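Peer 1: In case you want the letters, here they are:
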Amino acid sequence: MNDLTPLRRAHATSAASQEPVRNLSRRGFLGAASGALILGIGLPVDPALAQAEGAAAIAPKPGTRVAAFLEIRSDGTVKLLSPFVEGGQGINTGLAQTIGEELDIDPSRFVVECAPPGPDYAVVNGLRLTGGSFSTRSSYAVMRRLGATAREMLLRAAAARLDVKQETLATNDGRVVHKASNRSLGYGELAQAALALLPREDLPLKDPKDFRYIGKPMARLDMRDKSTGKATYAIDLKVEGMLHAAVRHAPHLGTEPEALANEAAVKAMPGVDSVHRLPGAVAVVADSWWRARKAVEALDVTWAKPAADGLATVSGTFSSAAMLAALKATREPGLSAEAEGDVAGAFAKAGRVVEAEYDAPYLAHAQLEPPSSIARFNGDGTLDVWLPNQMPELFQSVAAKVAGLQPDAVRIHSPMLGGFFGRHFYYGSSNPFPQAILLAKATGRPVRVLWSREEEFGMDAVRPLGFARFRAALGPDGMPLAIHTTAVGEGPIGRWFGSIFKAPVDSSVVEGLDKKPYAIPNRRLDYVKVAHPVTIAFWRSVGHSMNDFFYESFLDELADAGAKDPFALRMALLKDSLRHKTLLQAVADLSGGWKRGPFQAEDGTKRARGVSMASPFGSETATIAEVSLKDGEARVHDLWIAIDPGSVVNPAIVKRQVEGAAALGLSATLLEQIVYEGGTRQARNYDTYPILDRDRMPRVHVTIIESGAPMGGIGEPGLPGVPPAVVNAVAVLTGSRVRSLPLAKEKLLSV
Amino acid sequence: MQTLTINGSRHDVDVEGDTPLLFVLRDTLGLTGTKYGCGIGQCGACTVILDGQATRSCQIPAESIGDAKITTIEAIGQDAVGKRVVEAWVGVQVPQCGYCQSGQVMAATALLQQNPRPSDDDIGQAMTNLCRCGTYNAIAAAVRQAAA
Numbered sequence: 001m002n003d004l005t006p007l008r009r010a011h012a013t014s015a016a017s018q019e020p021v022r023n024l025s026r027r028g029f030l031g032a033a034s035g036a037l038i039l040g041i042g043l044p045v046d047p048a049l050a051q052a053e054g055a056a057a058i059a060p061k062p063g064t065r066v067a068a069f070l071e072i073r074s075d076g077t078v079k080l081l082s083p084f085v086e087g088g089q090g091i092n093t094g095l096a097q098t099i100g101e102e103l104d105i106d107p108s109r110f111v112v113e114c115a116p117p118g119p120d121y122a123v124v125n126g127l128r129l130t131g132g133s134f135s136t137r138s139s140y141a142v143m144r145r146l147g148a149t150a151r152e153m154l155l156r157a158a159a160a161r162l163d164v165k166q167e168t169l170a171t172n173d174g175r176v177v178h179k180a181s182n183r184s185l186g187y188g189e190l191a192q193a194a195l196a197l198l199p200r201e202d203l204p205l206k207d208p209k210d211f212r213y214i215g216k217p218m219a220r221l222d223m224r225d226k227s228t229g230k231a232t233y234a235i236d237l238k239v240e241g242m243l244h245a246a247v248r249h250a251p252h253l254g255t256e257p258e259a260l261a262n263e264a265a266v267k268a269m270p271g272v273d274s275v276h277r278l279p280g281a282v283a284v285v286a287d288s289w290w291r292a293r294k295a296v297e298a299l300d301v302t303w304a305k306p307a308a309d310g311l312a313t314v315s316g317t318f319s320s321a322a323m324l325a326a327l328k329a330t331r332e333p334g335l336s337a338e339a340e341g342d343v344a345g346a347f348a349k350a351g352r353v354v355e356a357e358y359d360a361p362y363l364a365h366a367q368l369e370p371p372s373s374i375a376r377f378n379g380d381g382t383l384d385v386w387l388p389n390q391m392p393e394l395f396q397s398v399a400a401k402v403a404g405l406q407p408d409a410v411r412i413h414s415p416m417l418g419g420f421f422g423r424h425f426y427y428g429s430s431n432p433f434p435q436a437i438l439l440a441k442a443t444g445r446p447v448r449v450l451w452s453r454e455e456e457f458g459m460d461a462v463r464p465l466g467f468a469r470f471r472a473a474l475g476p477d478g479m480p481l482a483i484h485t486t487a488v489g490e491g492p493i494g495r496w497f498g499s500i501f502k503a504p505v506d507s508s509v510v511e512g513l514d515k516k517p518y519a520i521p522n523r524r525l526d527y528v529k530v531a532h533p534v535t536i537a538f539w540r541s542v543g544h545s546m547n548d549f550f551y552e553s554f555l556d557e558l559a560d561a562g563a564k565d566p567f568a569l570r571m572a573l574l575k576d577s578l579r580h581k582t583l584l585q586a587v588a589d590l591s592g593g594w595k596r597g598p599f600q601a602e603d604g605t606k607r608a609r610g611v612s613m614a615s616p617f618g619s620e621t622a623t624i625a626e627v628s629l630k631d632g633e634a635r636v637h638d639l640w641i642a643i644d645p646g647s648v649v650n651p652a653i654v655k656r657q658v659e660g661a662a663a664l665g666l667s668a669t670l671l672e673q674i675v676y677e678g679g680t681r682q683a684r685n686y687d688t689y690p691i692l693d694r695d696r697m698p699r700v701h702v703t704i705i706e707s708g709a710p711m712g713g714i715g716e717p718g719l720p721g722v723p724p725a726v727v728n729a730v731a732v733l734t735g736s737r738v739r740s741l742p743l744a745k746e747k748l749l750s751v
Numbered sequence: 001m002q003t004l005t006i007n008g009s010r011h012d013v014d015v016e017g018d019t020p021l022l023f024v025l026r027d028t029l030g031l032t033g034t035k036y037g038c039g040i041g042q043c044g045a046c047t048v049i050l051d052g053q054a055t056r057s058c059q060i061p062a063e064s065i066g067d068a069k070i071t072t073i074e075a076i077g078q079d080a081v082g083k084r085v086v087e088a089w090v091g092v093q094v095p096q097c098g099y100c101q102s103g104q105v106m107a108a109t110a111l112l113q114q115n116p117r118p119s120d121d122d123i124g125q126a127m128t129n130l131c132r133c134g135t136y137n138a139i140a141a142a143v144r145q146a147a148a
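In order, the protein sequence lines correspond to chains A and B. Going letter by letter, the first sequence gives residues 1 to 751 in full-length UniProt numbering. Going letter by letter, the second sequence gives residues 1 to 148 in full-length UniProt numbering.
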C-alpha cells in the first residue's frame, strides 16, 4: 500500500469524482443493486465540492480540530475519538501516548473509541483508513500537535480563570498549576472554556529528550477488558428489537438462487420470521441466530449454473491449479516496474545464468471473529450500521448506496475488531453489511447478519495467488551482475483502488521485488497483469507476504550458484547501505552469530538457519530462522528478527506486533492455502484450513533498531522475512529448493 | 424449557435441545464474553468450564447439560485461580485483538485448578486454543506466571 503515500487530496478527489471504480461494482451486490459506485463519496472532498454539499460537509484540515478528537471529562479522564480502529495492533494505546505526551496527561486515563465518519479524521495523507501499517507513522506528527494545541488552550483558559499571566502557569498530568499562588485546576474544569478558544498553530512541540510516555513500553489500555471477556466486538452488539439473519452463499461466486423448493416448510420452522433471496445468497431471518442458521441450512436451493469453463469467472471448472498454470504460461514482457543498468548486456557476458519460478497460494484471513453487521433504519429516515471496517467513510458511502440514502443519513459505528489482517476493507460481496441493510429494509426491523465460519471461509476475500519468474546473471566472481524479475498476477491496489492510483504498475503486485537495497548493478522488473476471477484482498503485508519469499529465496539460490555464503553475499550486496548492514549484523548478533549449518542441536536434532531481509511499509527487517525436520515437516525453533522502523512510540507493542506478524508469516509458510476445485473452495473451516497452533509456535526474539530514519510501519513488517528465512533453512536441510508454498504440500526429507 | 446452572445462578432457558450451549450463553442469556469462532470445536474461542473441565461450548447441546455447573468468563473474578490467571494475563500483556482470549483464560484457569504446577508439556497439552494474532508465547508465559 505504499502507493497511498504520495496521494494528494486534490488528486484523490478529482480521480474519484470522475470515474467509478470498476471493480467495486463488478460483481456481487452492487453490480446488481446500484450500478456504478463512486468511491469518492467516501473520500475527503475539496472545500469547493464540500460547500456544494452544505455547511456540515466543510472539511477542516484533518487532525486539527481539538473538539473533534478530545473530550476532556470532569473525572480526569480523556475520551479520544480515534481516526483508526483497534484490532489488536495497539493503536489506541499508541495514540494515547502520543497525544498524552504533549497534552501532559497520563495515557492510562484515555478512553479511546473509533470516530464516526468525518473529514476531521482523514489523517492518512488525506485519506482515512486503518491499514498499510500507516496509522502511527501517518498521524504521529499531527496527533502530537493536537495534544500540544489542546494543552495550550487549557493553559489560556486557566490564565483567564485565575487572572494570571499564561506564562506563569505549568501543567502536571491533567492539571494546570499556578505555583506562585499554590492553585491548580483540573483539565476537566477548564475544558469547556478552552474549547471555545481559537487554537494556535505556532506551538513548539516537546523535545524528545523530555518524553515521558513516547518511546516507553507502556501497558496497553485494553488488556483487562480483553482478559475478562468485557471487550466488545461487532458480534457482541445488540440493538433493541433486532432480528438475526443467517445466510448461505452461492457455491460459485457470482451465481444466483433460482428456486427455493421448501420455502413454506422452512418458514414454519421455530422462530423463523422470513426467508429472503439476496444477490448471490439466500437468507433466513429469525428470533435467534441459531434458529436462523438451522433454517437457512434446511433450505433446498437451486442455484444458477456458473459458466462452464474458463478463468474469466469462477466457472464450473475454475481451480487454483488452473489459475497458477495460467500465470505460469504468461510470457508477455509486461510493463516495466523498474529498470536500471544494462540487463541485456550483463546477460550477454554472464558467466552463468540462474533461473527459477516461484508461486504462493490464495490465503484466507481466518481472523477469529466471524464477520457480522447490524443495520437499523430509524423513524427519521436515517440508517445506523454497526460493522467491522477499516475505512468508515468508504463503508458509509457504500451503505448509503445500498440503502438509497445520502451518506450523511448513514451513521457508521466501528467496533473493535476481533482480528483483521486486511479482512475488513470493502470487498464487494465479501462484506455482510449490504445484506444487513437489505434485510432490515425488507423486514422493517433492525437485523444482524452473522456469517458462520463456513460462510466466512467460503466468502472471505483472499490474498491473491501470486507468481514470479526470475533470471539472474552471475559474474566470474560468483556475484550477481543482473537480475530480471517478472511478476504476474493482480493485486488489491489495482482491484480496489485502481481508479485512484492510476499508475499502470500495481504496487501491490511488485512490492518486495522492487526497491531492493542490494547493489546488483543491472536490474529489470516487469509486471504482467492477469486478473483473478475471485475476490482478492489485502492480507497482512500484502504483496510483501509472497514477494519477499520469492526474492530472498532466489537470492539464496544465487548464493549457492556463486558458491557464496548467503549471509556474506547479502552483506556484500549491502555495501552501499549502512542502515541495512547494521540491521543484518544486528540480527546475526541477536542469534548469537551467523551460522548456516547444518549443525546438531543440543537435543540431537539436525538444524539449519536461513536468513532474509525485507523493506516493507517504510521499515526494514532482517530475519533468521532455525529449523529442523520432523516427520517430513519443517519445525521452526527460533525466529530472530531485527526491525528498524526509524523510531517507535511503544517498544513493547512493537515487539508483540512483530512476533504476531511473524507467527502469521510462519503459518502461511507451513500450512495455509485456499484451494479451488470445480469452482468452489475446498476449505470451509479450520479443520481443513489449518492455521499455526501453539505446538508449532517458535520462540521469537525481536530487537528494535531506532536509526532515526523516517518512521515506518509496524503491524505488517514482521511478516515478510519469515517465509524466506524458513525456506532457506529448509533448503540447507533437504538439499533442494521449495519454490511453492505452503511447505505442507510436500514431505521434507533430510539429505 | 430447561434450567441451566451458570456462574452459580440457575437460568430457565426456552431453546431447542440441540442448541449449542455457546448460543444459549451468547444470544439467550447475553453472556457475550464467550466467543463464537468456528462452531466445530476446533478453535476454542468458546471455551467455558463445565464441571471443572475446560469445554468447547459450541459442541455441547443444551439438552445434554443437565445439572452440570457452567462457569463462563463473566465469573472469572469470582474464582481465586481465575483471578490469578487474569492478573497474569494483564501483567504479561497477553492479548492483541483479544477475541480468543476469553477462551484462553478459561482453558488456563481449568488447567491450573486441576494442576497448580503444570510442566511446559502440560501447558502444551491443555492450551490448544487457536490465536490468529500469534500470542502463544505470551500465553505460555502468563500460565507459568499464574502458576508460580
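Hints listed in this document are in silico derivations from the structure and should not be mistaken for laboratory results. Some clues are possibly wrong.
DSS-like cross-link-like pairs, simulated, lysine-lysine; straight-line CA separation at most 30 Å [stated by the list, open to error]: (1) B/Lys83 x A/Lys79; (2) A/Lys349 x A/Lys79; (3) B/Lys83 x A/Lys238; (4) B/Lys69 x A/Lys216.
If you're wondering where the values come from, they're calculated on a predicted model, not measured in any experiment.
Peer 1: It remains to establish, for every hint, whether it holds in the given structure.
Peer 2: Against the structure, the hints come out as follows:
1. B/Lys83 x A/Lys79: holds (28 Å)
2. A/Lys349 x A/Lys79: violated (66 Å)
3. B/Lys83 x A/Lys238: Holds, at about 28 Å.
4. B/Lys69 x A/Lys216: violated (44 Å)
The structure fails hints 2 and 4 (numbered hints given earlier, in ascending order).
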